[in-house]
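K.L.:
Sequence:
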Amino acid sequence: MPTLRLEGTDCHYNDTGEGPALVLIHGLGASQADWFTQLPAFERQYRCIAPDLTGHGGSSPDGPYDIFAQARRLFALLDALGVQQAHVLGHSMGGAVAQSMALVAPERVRSLTICNSTAGFRPTTPKKLLEAVSRVALVGTLGVQPLAGLIAYRLFPHADQADLRRTMRAHFAQGSRPVYLCSLFALGRWSIWHRLADITCSTLVIAAEHDYFPLTETQRLVEGIPDAQLQVFPGSRHGTPMDRAEAFNTRVLEFLAAARGPVQAPPLGEAAPA
0 MPTLRLEGTD
10 CHYNDTGEGP
20 ALVLIHGLGA
30 SQADWFTQLP
40 AFERQYRCIA
50 PDLTGHGGSS
60 PDGPYDIFAQ
70 ARRLFALLDA
80 LGVQQAHVLG
90 HSMGGAVAQS
100 MALVAPERVR
110 SLTICNSTAG
120 FRPTTPKKLL
130 EAVSRVALVG
140 TLGVQPLAGL
150 IAYRLFPHAD
160 QADLRRTMRA
170 HFAQGSRPVY
180 LCSLFALGRW
190 SIWHRLADIT
200 CSTLVIAAEH
210 DYFPLTETQR
220 LVEGIPDAQL
230 QVFPGSRHGT
240 PMDRAEAFNT
250 RVLEFLAAAR
260 GPVQAPPLGE
270 AAPA
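Numbering that gives the first Met the number 0 applies: residue 0 is where the sequence shown begins, and numbers increase by one.
Among the hints, a few may not be true.
[Said to hold, decoys possible] Have a look at the derived ranges for each label pair, beta carbon to beta carbon:
#1 79 - 105: 16 to 26 Å
#2 165 - 102: 29 to 39 Å
#3 158 - 229: 26 to 36 Å
[Claimed, not checked] Subject to a maximum C-alpha distance of 25 Å in a straight line, what follows is the list of computed SDA-like cross-link-like pairs (lysine to any residue):
#4 127 - 59
#5 127 - 175
#6 126 - 178
#7 127 - 214
FYI, nobody ran anything at the bench for these hints, they're computed from the structure.
Glycine included, C-beta positions come from ideal geometry on N, C-alpha and C.
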């Protein structure tokens, strides 16, 4: 898979399929490899661009960790690929980066899909603070390996999800302690609750019944975005794109088809329309 040098750091990404551009942004401790249940379905209709965020997967660890800086970095990636506008889909931390993209350059985001995410990761409640402190203590002391097994089990606890558990554990265990902690601290400083009304594109918010984030918080997110709709997957946990892959893909493709509109600006350079 290709790597581009952006602002002095390497950005590793997957670029597959043809059609309107669709950016897929993974979550904390993950990588573009986590979209293995989406790409075969999406690349039939879309040019799927799935980057590794700073320090994740094959991307350099010396890039920006700030969430808004990562959003701007992804626009730099799109510039380099000749893409003026794109649909954007983000999972968990990727949802934070996706929302930030919609605020940094709203004219370039054709639609927004936010999966199992929120508008602010600051630990503002005792439960969130305990979760954050526990993760910092575990990773800071033992590294990412023990956390990989724990997260894999929390995402996919059922007997028939053993393959998903193994896959997630293997993906997550490839990460590094410094990258995870830097990303976690950057995420903990990010909040856009006061700016949700500035997200002007069509937005699909996907939530899982048993996600980390309560549905009351997700409903607040939906109510804050002017043109947003909510899809809840019963029985699902934080790994909805994997544990409800077929239904997830169908719902996202339906939304993208309805959200398509005329391109408002020409593609950069000589590249074909994205």
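K.L.:
Now, for every hint given, state plainly whether the structure supports it.
P.N.:
Verification of the hints:
no.	hint	result
1	79 - 105: 16 to 26 Å	holds (21 Å)
2	165 - 102: 29 to 39 Å	holds (37 Å)
3	158 - 229: 26 to 36 Å	holds (30 Å)
4	127 - 59	violated (29 Å)
5	127 - 175	holds (23 Å)
6	126 - 178	holds (24 Å)
7	127 - 214	holds (15 Å)
Figure legend: structure checked against the earlier numbered hints; the only hint not met is number 4.
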